[in-house]
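Chemist: Produce the entire structure from the sequences given, and follow the hints as far as they go.
Those protein sequence lines, which keep their order, are chains S and W.
Quick note on the numbering used here: the first sequence kicks off at 1 and runs consecutively.
Quick note on the numbering used here: the second sequence kicks off at 1 and runs consecutively.
Treat the hints as calculated values from the structure; they're not laboratory data.
Do not take every clue at face value.
List time: in silico BS3-like cross-link candidates among lysine-lysine, alpha-carbon distance up to 25 Å [said to hold, decoys possible]:
#: 1; chain 1: W; residue 1: Lys167; chain 2: S; residue 2: Lys113
#: 2; chain 1: S; residue 1: Lys213; chain 2: W; residue 2: Lys140
#: 3; chain 1: S; residue 1: Lys113; chain 2: S; residue 2: Lys213
#: 4; chain 1: S; residue 1: Lys214; chain 2: W; residue 2: Lys140
#: 5; chain 1: W; residue 1: Lys167; chain 2: W; residue 2: Lys192
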Amino acid sequence: MNIPEPGSVAAEYFPIFLNGALTTLGIVAAAIVCATVLGYVIATLRLSRIRALRIFAAAYVWFFRGLPLMLSLFFFYYTKPFGLTLDAFSAGLIAMSLNSASFFSEIIRAGLKSVNTGHLEAADSVGMNPLQKFLRVTGPEGIRLMTPPYINNCIIMLKESAQISVITVPDLMLQGQKAYNSTYNVMETLGVVAAMYLAMTSLLMALQIIIEKKTGRKMGTTKSLRETVGSMA
Amino acid sequence: MISITGLTKSYGSREVLKDVDLRILPGEVVAIIGPSGAGKSTLLRCINMLEVPDSGRIHVDGRQVFYTPNSRGKLGVLDQFRLTWLRREISMVFQQFNLWPHRTVLDNLLEGPVISKREKRAVAEPRALEKLRSVGLEEKADAYPADLSGGQQQRVAICRALMMEPKAILFDEPTSALDPELVNEVLDIMAKLAKTGMTMVIVTHEMKFAREVADRVIFMEHGGIVAEGPPDEVFQHPRLRVYASHLSH
Ligand SMILES: Nc1ncnc2c1ncn2[C@@H]1O[C@H](COP(=O)(O)OP(=O)(O)O)[C@@H](O)[C@H]1O
Ligand SMILES: [Mg+2]
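Modeler: In structure tokens:
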């Protein structure tokens, strides 16, 4: 076995790494969408007036927040749950979505609760319907508060997605492992893989800064003003 | 314009409104006064269904308001869709202004006509600037609410209410959250508005304003109307004199 030239592994395996990175990006993006939708549903259930729904939602959060992602991955891939045989990608997607929904639901719940009642009543008072209120007030005000923890959670999802390599999803981590298994150049392969993970997480961090810039301006002072003005009589 | 009969409302076992009857004529300026906890805000908020009564009939401009409270005593989602007409006819000005902090002053004014009434922005915008000019705030059109004083915010909030071209405006203690030196700039605007023939229902602790501007004063205590009539008459009522003497101390 020849010792490869420095840089040659990176060059030879780059297309494979890129493929792995795209798989990682794809499954994480899909999981973020699913987990956000599910998390929103769980959050509204938790804020529901019906006790049974609140309890169900709280139990969901308790369950998935308290379990290792790896355990869910194994469950959906190896046990053929409910008679379903899932391919690795689907099993990974389901496990990640269910797991992350528990975190997203808490973030969304906090965001929804923080929306100022007075601002919603103002929307009522100009005749907005509930849908318009959501799009024009709840959304913009909630997003501002939700963005930092939300993106943070997305970054965690991206990093933890490396665990899906264990159930043979051909993600960036798995391609990295394959590359150093056949080349024995651990340092260089891991270095390239690390750079690619960092590139993806940096993208998310940049997105956070952009969103905060777009939604954050001018809002801080109003909140402190509200507090000094005092509560509604 | 607004007619209310047999309005009742409770929070739990606490009766906040006890069989209230009230009629507001077109163009009338009515001041509702009374001690804190009397039910003034609740009565006002029942008119545009920010609170939902337990029973009683409400007509606005001849049209009956049908409602069913949900378990929180608020309007259910379907009723919110059904009753947008009511909110478009009756505007509201809040004690805390409640401007949307993420929108500029101009956008705060345009939100109602453009989003709720589906007016063209190009049509509504000149109207909005005109309204701002009339309260002396035209140069603040592109500012955010946080950059304005309380008095300026409340003037913007009045413009926002006017942008709906409402049949009546409800004011819930519009000057109570303001520093004393800013109260008059808001009251002046309201007095001017009263002269234009706008129908106004104003909950206030400003006795002088109620006396000078209102056509009719309503004095509330313990969820009921104790006295009502022309200001000079109502201000002679013994219960009100007890209340007013508390205020001035
Ligand atoms: N959302 C609510 N839940 C429970 N009690 C309330 C609520 N809103 C108002 N109340 C009670 O109803 C009574 C009347 O309140 P309100 O109409 O605000 O009085 P006012 O505006 O005259 O000061 C008060 O005793 C108040 O504590
Ligand atoms: Mg009040």
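Chemist: None of the hints should be skipped; say for each whether it holds.
Modeler: Evaluated hints:
1. For the suggested pair W:Lys167 and S:Lys113, the alpha carbons sit about 33 Å apart, so the restraint of at most 25 Å is broken.
2. Note on S:Lys213 and W:Lys140: the hinted pairing holds, with a Cα-Cα distance of about 22 Å set against a maximum of 25 Å.
3. Between S:Lys113 and S:Lys213 the CA atoms are separated by roughly 22 Å; this keeps the pair inside 25 Å, and the hint holds.
4. Note on S:Lys214 and W:Lys140: the hinted pairing holds, with a Cα-Cα distance of about 21 Å set against a maximum of 25 Å.
5. For the proposed pair W:Lys167 and W:Lys192, the alpha carbon gap of about 17 Å is at most 25 Å, so the pair holds.
The structure shown violates just one earlier hint, number 1.
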